[in-house]
Amino acid sequence: CSSIWGGSNPSFPYTTNSKGEGPAWANSLFEDNAEFGFGMRKAFKQRRDYLALQVEDTLADQSVKMSDELRQALQQFLVMRKEQMHDLLLPKGRSIYHQIMEKLVPLLEKEKTDHPKIHNLYDLPLGEPCNYHRNSRRLRFTLYQHVFLMQPLPQPREDMFGRSSFWIVGGDGWAYDIGYGGLDHVIASEEHVNILVLDTE
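Those letters in the sequence shown? Residues 1 to 201, per the numbering used here, in order.
Each hint should be verified, as a subset may be incorrect.
Below, simulated SDA-like cross-link-like pairs (lysine to any residue); rule was C-alpha separation at most 20 Å, straight line [claimed, not checked]:
1. Lys112 x Tyr122
2. Lys19 x His98
3. Lys82 x Val64
4. Lys82 x Lys112
5. Lys110 x Tyr122
6. Lys82 x Val169
7. Lys112 x Val169
8. Lys117 x Leu107
9. Lys42 x Ser164
10. Lys117 x Thr58
11. Lys42 x Val169
12. Lys45 x Lys19
The hints are simulated quantities; they were obtained by calculation from the structure and are not laboratory data.
Based on the sequences and whatever the hints tell you, model everything.
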């Protein structure tokens, strides 16, 4: 069962590199791997598209002052995100993209206090105004929203600037026996998602 070998603490099969980059694993309690994985992919894409709109708005706003280096890195991000996935999978494409990301995130962190829009690019998941301090009433209300209303806390968004590879993994019972369990829908969508079926029959 992919849910067992994929998430058992004694033999967790994933690791990260020296930069802390690596896979994140999650699963559903039900045999709906296609729907679950496809939903994760669509959610990531929606958040990333929204971030791109925020970047475009920030670059177009003449009142936002930023360094030339940050402006150039944001412009490069917009260009690279429109490149075809297969181009970015090539060694040269991956190298260029990583260079942009390694430069962009530290610049955002450095300049995030210069303007609210830059701050929102760096560490706000939904693009709300973020102008509160650690012990402020606004922060306490945000914690209330998170705990009782199940709304997300502000957090760094650097993972939204990079490209992620999505994999849907499961056995042949899920993929073939339960009406193809959404497999045909995912394939027909032509989204950038990979599917690995562990056919043990």
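How the hints compare with the structure:
Taken as a hint, the lysine 112 and tyrosine 122 pair is honoured in the structure, with Cα atoms around 7 Å apart against an allowance of 20 Å. Taking the CA atoms of lysine 19 and histidine 98, the gap is about 12 Å. The hint holds against a cut of 20 Å. The suggested pairing of lysine 82 with valine 64 is violated, with an alpha-carbon distance near 24 Å, which exceeds 20 Å. A distance of roughly 25 Å separates the Cα atoms of lysine 82 and lysine 112; the hinted pair therefore is violated under the 20 Å criterion.
Restraint check: the Cα-Cα separation between lysine 110 and tyrosine 122 comes to about 10 Å, which is no more than 20 Å; the hinted pair holds. Only pairs whose Cα atoms come within 20 Å are accepted, and lysine 82 paired with valine 169 is rejected, the gap being roughly 27 Å. For the suggested pair lysine 112 and valine 169, the alpha carbons sit about 38 Å apart, so the restraint of at most 20 Å is broken. Under the criterion of a C-alpha separation no larger than 20 Å, the hint pairing lysine 117 with leucine 107 is consistent with the structure, at around 14 Å.
This hinted pair checks out: lysine 42 and serine 164 have alpha carbons roughly 12 Å apart, not beyond 20 Å. For the given pair, lysine 117 sits about 6 Å from threonine 58 by alpha-carbon distance, which is consistent with the 20 Å threshold. A C-alpha spacing of about 17 Å is found between lysine 42 and valine 169, which places the hinted pair at or below 20 Å, so the restraint holds. Between lysine 45 and lysine 19 the CA atoms are separated by roughly 23 Å; this puts the pair beyond 20 Å, and the hint is violated.
When each numbered hint is compared with the structure, violations occur for hints 3, 4, 6, 7, 12.
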